[in-house]
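Asks: Turn these sequences into a full structure, and let the hints steer you where they fit.
Going by our numbering, the first residue of the sequence shown is number 1, and it counts up by one from there.
Derived from the structure by calculation, the hints contain no laboratory data.
Beta carbons are placed, not taken as given, at the ideal position from N, Cα and C, and that holds for glycine.
A hint or two may mislead.
Said to hold, decoys possible - Simulated restraints, written as ranges between beta carbons of each label pair: (1) 88 <-> 51: 33 to 43 Å; (2) 97 <-> 67: 19 to 29 Å; (3) 54 <-> 22: 11 to 21 Å; (4) 81 <-> 56: 12 to 22 Å.
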Amino acid sequence: MRRMLIALPLLVAGCATGPSLDQRLAPFIGRSEGDLVSALGVPSRTYVTEGRKFLQYDQRWTQVVPGGFYNYGPYWRSAPLWAPPVYVLRACDITFTLREGRVEGFTWRGDGCR
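Replies: Here's what the structure looks like:
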């Protein structure tokens, strides 16, 4: 029983996930535009309107879902077939809003944001 109590926190820690995207981006709020560009690189797009500046960072990547065998047809005449891999394009767009040279907030969208 004692060994189980020692091992339990290790098992739970193995299931823990890291900080969310919001938690990783929140420290940029209040920082300067130079700090943001220094940390994340040159943005993909910028837009200025009504005293605010928007910096957008784009990320695209392809996820490969491996194929496998499956049976086709009725159970008495089934034949194994090979399914090819599926390629899924993932995208994440992060937009920072700046006012007077300081990060005011951020938004993100896409199924590739993690």
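Asks: If a hint holds in the structure, say so; if it does not, say that too.
Replies: Now the hints, each set against the structure:
Separation of residue 88 from residue 51 is about 39 Å and conforms to the stated range, judged on CB atoms against 33 to 43 Å. Between residue 97 and residue 67 the beta carbons are some 43 Å apart, a value that contradicts the proposed interval 19 to 29 Å. Range check, residue 54 to residue 22: Cβ separation about 18 Å, and the 11 to 21 Å hint holds. Between residue 81 and residue 56 the Cβ separation comes to about 43 Å, which falls outside the hinted range of 12 to 22 Å.
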